[in-house]
Every structure is written in C-alpha cells, then in structure tokens.
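Two chains, two frames, a set of hints: combine them into the complex.
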Amino acid sequence: MKELRYLQGVSTLTLDVPTCIGCGMCSLVCPHAVFLVEQKKALITDRDRCMECGACARNCPVSAISVKAGVGCASAIIKGWLTGSEPNCDCGG
Amino acid sequence: MTDKPLANPGATSGSCCSPSREPGAGSAQAGRPGERPGYRVWPFVSGWLATPVGRVPQVKTNLDAGDRFGRWQMRWGLGRQRYRVAPGLYAVGNPGPGSPVLVSANYKLSFDVLRSNLPGLDAWLLVIETHGINVWCAAGKGTFGTAEIVHRVAAVRLPELIEHRTLVVPQLGAPGVAAHQVARGCGFRVVYGPVRAADLPAFLAAGMQATAQMRRVSFSTLERLVLTPVELTGILRTALWAALALLFLGAIGSGGFSLAGALQRGGAAILAGLGGVFTGAVLVPLLLPWMPCRAFAAKGALAGMALAFGALAVFGPRLGWLNSTALLLALPAVASWCGMNFTGSSTFTSPSGVEKEMRRAIPLQGAALLLAGVLWVVAGF
Ligand code: SF4
Ligand code: SF4
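Chain order of the listed sequences is V and H. Just so we're aligned, residue 1 is where the first sequence starts under UniProt numbering, counting upward by one. Just so we're aligned, residue 1 is where the second sequence starts under UniProt numbering, counting upward by one.
If we strip away everything but chain H, and leave its shape as in the complex, we get (with noise of 0.2 angstroms):
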C-alpha cells in the first residue's frame, strides 16, 4: 500500500487499493476501462470522469455484497484492522466546477456511508488521509485535522477546478479541524455539515443549512447494537487466557489435580465469567439509558449482581457458600469492567469522568475478583 498522496488521482488511477508495481504501461491496457497493469480498480468504481486536473473516478451511491461483507468483518473484528481506500478526489454524480465538495476520512466505511447517502446528487469527495480511521476517533487525534485537508486541496489541485470556496467537513470531524485555520490555509471556507451522513441531502438542498436535530450525536439502541460484536470480540480474545488459567486452577482440589475438576469447576467458573462479560458488553450498552447510576461500572456491577442472585436462585444449594459467595463478586466484577471499558465507545461521558469512575472502580473490581478467586479455591477443598 502506499501512503504517497495522490497529487493526480485522475492520471494515477485514484481508487486502487494495491498499486504493487510502478505505473506507466498505462497505455498498454485491455480489458476494462481505467484497469492498469499492477492495480485493481475498486468494484465502487463506475467510471471516469474527464477534468482540468486529471481522470477522476466516479464511485457508485450503492452498496454491493462485497461492501456489505467488509462492513460486516470490521464489527466483528475480523477484518484487517486498517481498512482505508486511497486519499484524493472523487466524484458522484456528474459534478462540475459549482458542485459542494464533501470532505471524508479515508476509512472505508465512512466512505461507504457517505457515497450509499448521496444518490442522485452531485458532488466532489475529498477524501483524506486519515489511514483508514475513521471521522470522530481521527479528529481526537488530529490525523483528521486542519493540516491534512490544506494539503490534500492542494494536493488534488482544488482551486483549479472549482468555482466556490467551500468544504463541506463532517462536523464530528470538528475537533481536529479549526475552520478558521484552513481558510487561512489554503484559502476555503469550512462549513460544518451534519453529524450523520444521512442528513446530507437535506443539509445541501437547504443551501447548507443544518437544523439542531442534525447538529446533534444521538445513541440509539441500534446505533449501541452494532457496537457491541467490536466490544465482545474484543474482550475475548483476552478471556481466553482467563479461561485457561480457570480450567487449570479448577483442577486443584481435595482430589489433587483432577481432570474432572478442571471441567467440573473450572467450567462453572468460566461461564460465570462469561455471564458477567455478556452482562457488562452486551447488556449494559443496550440497556443503558434504562439502568440506574451513571458511571457505567456501577451499571455493570448492578447488572451482574443482578445477574449473580437469578443464577443462585437455580444453583445456590448445590454450589455451597464459598462457591455462591465468589459467584457473587467476581460475576459483577466482570460484568462492571466490561460495562466500563463501553465508555470508550459512547457518544456523550468525558475523558475526566471516565478517568474519575475508574480510580475508584479499578481497585474494587480488582479486590473483587481477587477475593472471589480465594474463597473459590478454598472451596475446592
């Protein structure tokens, strides 16, 4: 892949995701239009549309099944972890010189939700370098900034085939880019569009206007659904390890060192672990607005208290008192770390709010599962 921005994405075949060889046999080319020898042109790549600075590739405003698996592999965090298509100028539509310029991050998939929202329109698409991140998270840490869109207009050589100065820029893009910074830049004005790309159309057939509603983030139940496959994949990938490290401790027992022990307790113990990680990923984020507290390990923790009490109601006489004592703390300590590691995906608490629940959840999670662990030993005896 290269990261080489593309000064003429018209000429260097904008859209292609592994250039592997050096161009120039360009010309040698059968086959279909704009395939060049070492590239792959995108399959959202309808044509080319002939313009002062070069060939620029028009992409379609549909999603196709391979658009659809993509999307589906990064929630589930399958695919690679970079997912970015090539930074530069794209069209929708039939732009011309007096079309909105729609500015995006190079992630794939807000790629995809920007183009799957404009059909019918046209439009340019300065997609830039935000390697393969998307709006929000590249903003925080400035790759979606003031600095990259200057270079990248001129870099597409944007004066010279529009007539109006301005960029329309995501407005959740807005805390890396100081508009008043790149009009000084590069000499185009920043008006922040809606927060969802849905909005867009209507955004731009009211003469760039965006109403309240559009200039909020919400989190809906759905908006948390898609979330939480990325949360729990995420989690278990290192409870893996937990559950090796249960599968043998239960094997110690009065008995020795058991392989019936290690099934017996040791998988007790990991489905308690994994109720409490259901609890606090799954549950929690869709539940959320419904639950008492604020800070989401306290959500967590209540969740899987609750949680702990309906599973001793059907287990409790066979598991004996040190075994439903530890159930009974390390369940909502698992459930009240995985409800507090969701902050990192909300719209709405504060760095200073979720550094403040931590200090004080961290060191009774920790003792927790730390007593949870003892007194579940013990009880093996």
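So that you can see chain V by itself, here it is in the shape it has in the complex (with noise of 0.2 angstroms):
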C-alpha cells in the first residue's frame, strides 16, 4: 500500500547534530523511520514523516532532538484554543 503522507514543512522537529553521540535511539523508536543514523551521527531522512510524537526527544540521552510533541485531535486543539491551555486529548481506546 502506499505511504500515507500528512502536510508538508509543518513539523517542529529539529536535530542538533553537534550534540548527537550517534547511540542510534532515536531511529529504533520512530514509528515513521524520520532517522538514520551512520558514522555515529543522527540524520533526519524526511522531516516530513514526523508526526511530533515526541518518542525520539525523550529517548534522546543527549538531549539533542527537539520538537513540540502533542496530540493531533482535533477536539483536543478546539480546548486547548478555547481554554488556552495545552491541548489534552482523551482518547480512550
């Protein structure tokens, strides 16, 4: 089947290559494989792909990767705009 593809140059990662150590965590535990990792520095393939889950910021020893992770339900982001707070989404299943 054909990869499902979302917007274009919206996603708020951001890699600092200086930093990385090359440990290769952040490309076990991406679900979209947005990284490489080869001669012991991280590369972001497709930023593209990323849908901000924020799995590789956190497992990052280094702290190297940023990005803004959050959850994508629209309902949660109607709150959040409404409330002005965080959007908090509470999916259940």
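I should point out that these hints are in silico values taken from the structure, not numbers from a laboratory. All residues carry an ideal CB built from backbone N, CA and C; glycine is no exception.
In silico lysine-lysine, PhoX-like type, Cα no more than 25 angstroms apart, as pairs:
1. 41(V) - 68(V)
2. 68(V) - 141(H)
3. 356(H) - 79(V)
4. 68(V) - 356(H)
5. 68(V) - 79(V)
6. 79(V) - 141(H)
7. 141(H) - 356(H)
Covered stretches of chain V (chain H as the covering partner; in silico rule of three or more C-beta atoms under 8 angstroms from a C-beta of chain H):
8. 29 to 36
9. 49 to 63
Structure representation (structure tokens):
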C-alpha cells in the first residue's frame, strides 16, 4: 500500500548534530523511520513524515533533539484554544 | 475500584476487578481457586503461580466471548470509558527467573491483545497503571511513563523475582518513556519491542531484535475501519441536538409553524447532515490513501461535494435553487468537519499540521454552514 503522508513543512522537529553521540535510539523508537544514524551521527531523512510524537526527543540521552510533541485530536486542539491551555486529548481507545 | 498499587499481586488476588470489602477472610474461601469474599476473579485467569514474591495470576492466551463482547462494546462507545485491569504482575505460561518481562498498559483491550499473541510462550507481564488508557494515548499524556515503570518495578518486587535486568516496553510507549532514565531509576534496561503485539513472538525468538518493518506504524484499511464506529458514535451524539434544531427550523415556513414542514424539510436537512457525517467519518477514513489533498478537512469537503452533486442529480429539480445551494454548501462543510476530526485517530498526522489545517478550515466550514442555513430557511417561505 502506498505510504500515507500529511501536510508538508509543518513539523517542529529539529536535530542538533554536534551534540549527537550516535547512540541510535532515535531511529529505533521513531514509528515513521524519520532518522538514519550513519557514522555516529543521526540524520533527519524526511521531516515531513514526522508526526511529532516526541519519542525520539524523550529517548535521546544527550537531548540533541527537540520537537513540540502533542496530541493531534481536533477536539483537543479546540479545547486548547478555548481554555488557553495545552491540548489534552481524552482518547480512550 | 481501587487505584492502590498492588505491592504483592499474588497475595491480594491481583487480577480482581472490584474488591468491595477488605480482604482478610482469605482462608475461609470455598469454591474456585483464588476466590476470596468480596473479590471476583477475571475469567482470563487460569491459575496461580507460586513465586518468591507471592502468588501471581496466570492468564490465558485465548480470548473468550466475554473479552470479545467487551471489545465490541468499546469499539461502539457503549462500554465504560475506562476499561482497566489491576496493575501488577501477571504470568503467561510457566515463566521463571530468566523469562522475559513484557510491560503493558492496564487498558483491558491492550492487555487482551498482548496475551492473545503469546500462546506457547513463558513470560511475565508487568501491567502498569495508565488508568485504563491504551499505550499510545497514555504515553502521549505521560502516564505510560518513566516514573510509573520505575515505581511498578519496585512495587511488584521484580528484582527479587527476575535474574536478568531487561524490560520489553512496547515501542508505542516511547513518547512517554525515557529508556536511559528508567535504567537510572530502577536498574532495568529498556528494550523497545515491536509496534504490533503480533510481532512479539518473532521479536523474542530473534533475541529481542525487531526488523525495520516491526518498527513502523501502519494504517491499513482494516485498522482504519475499526476506528470508524467510535468516530461515528461520538459525532452522532452531538448530531442529535442538531437534528432537533433542524426539525424545529424546518417547521417554520410560509404556512406558519407546521408539523408537515418539520417532517419534510427538517427530515430532508437531517438526511443531508447524516450524508455529511457518513462521508466524513466513514468514507474519508476508508478511502484515505486514494483521496486527493493531504489535509483531512479538504478530503472531507471534496467527498462531500461529490455526494452533494450526486444527490442534486437525483433530487435537484424538486429542490429549487435555494435548497440546492444550501445542500451544496452544508454537506461538504459537515463532511469536512467530520473528516478533520479523524486526524485524532490517524497514525501519521502531526499536531502542528492538524492545528494548521483547522485554522484554515473551521472559518470556511462555519461560513458555509451559516450561509446554507440562511438559504434553507429562506427557501421555506
Ligand atoms: S538519540 Fe540523540 S544521541 Fe542518539 S543518535 Fe539520536 S540524536 Fe544522536
Ligand atoms: S517526533 Fe516521533 S515521528 Fe517525529 S521524528 Fe520523533 S519519533 Fe519520529
């Protein structure tokens, strides 16, 4: 099946290459294979595949990755707009 | 229900769902093994394993009719919002000190999926407290997280039971878990397991190695299909109020306030609205990969437009231009809204992207609906 892709150029993912120690965690945890680690350095192969789940940033031992992680539910975002708080989704399933 | 962590699941019947009384009369038990006054043993418990840290419930690896019914209820939004099993330690097969430890959320459906994929294996299941929320959502909130894993490992006295120092954590829990901090907190190394529990046997057989394929989330037609009932029932609850409003507005027309108008015009408007809901909440998810545009709101609008033109081809001549224009505006707007809401269930949309498309789409949807409403009410006179 062809790969599903979302909007281009919106992901907040950034990688600080000098800090990276090439441990490989980011490429391991990413569910969309955004990272490649080559010659002890991580590399963002395709930023537009990133869904901003935050797994890479959370598991990077040297905090070389930053991403504004959050939930993508429309209703949560509306609630966030109305209350001025961070979107928080209440998905049960 | 108790939220109290079960420090010794074996001794307190860790798999019970509703302890209504203090335990204590444990020795006066009669009937089935493991039964205690005031507790009910889950049907998935097949026996009890005596271990150095107390008795651990052994769970079955097949799902029975009750498990399937529970899953069906959750899919259709009929069950309780939270469907949890008690956190703590469970056993599959006859695990020993060298068996793998698999970490899971305490959402009953996640737990069911996990155990049903482990027939013939010996493993420990470390179920952590996520308040009945699945791994992915709980990790996003941080309840499936570093602190809870560290706490639970100590609470069930895992180090006394297990020789090795490895936890298999589902990869989808990674947004909430920092592997290096878990190691620092409790001495256990986190190995991320495959995305799908179905790949666990192969992953374990390969010495805890996941293939690239096991690490990618998919979003197959079937996976999308099972999400549509929840989507639909969620929307239909709100739609009920809209339907009442439409019946009321439909009753107002040139002939004053009439029941015939309510049924005829209100009914037609409700049908159009339902068409929009169906398009956005069922067709968009199903046809997702084959639809043009990347924004879900746009996919919904396009599909809604197609349906509206189809409906006009059939009923157009009888509707008049006011009603026809209203239909052409309202149906795509509703479909667009419902399609946009499906972003929350998808496995590849980013919050920044969803927010961006919402900022653009909501004003358009609102304007289209408002205009449609005005045209439609005017058409009644
Ligand atoms: S997790 Fe961090 S240190 Fe490790 S490879 Fe990725 S960016 Fe580099
Ligand atoms: S935020 Fe998630 S999807 Fe994006 S790169 Fe990191 S792990 Fe991958």
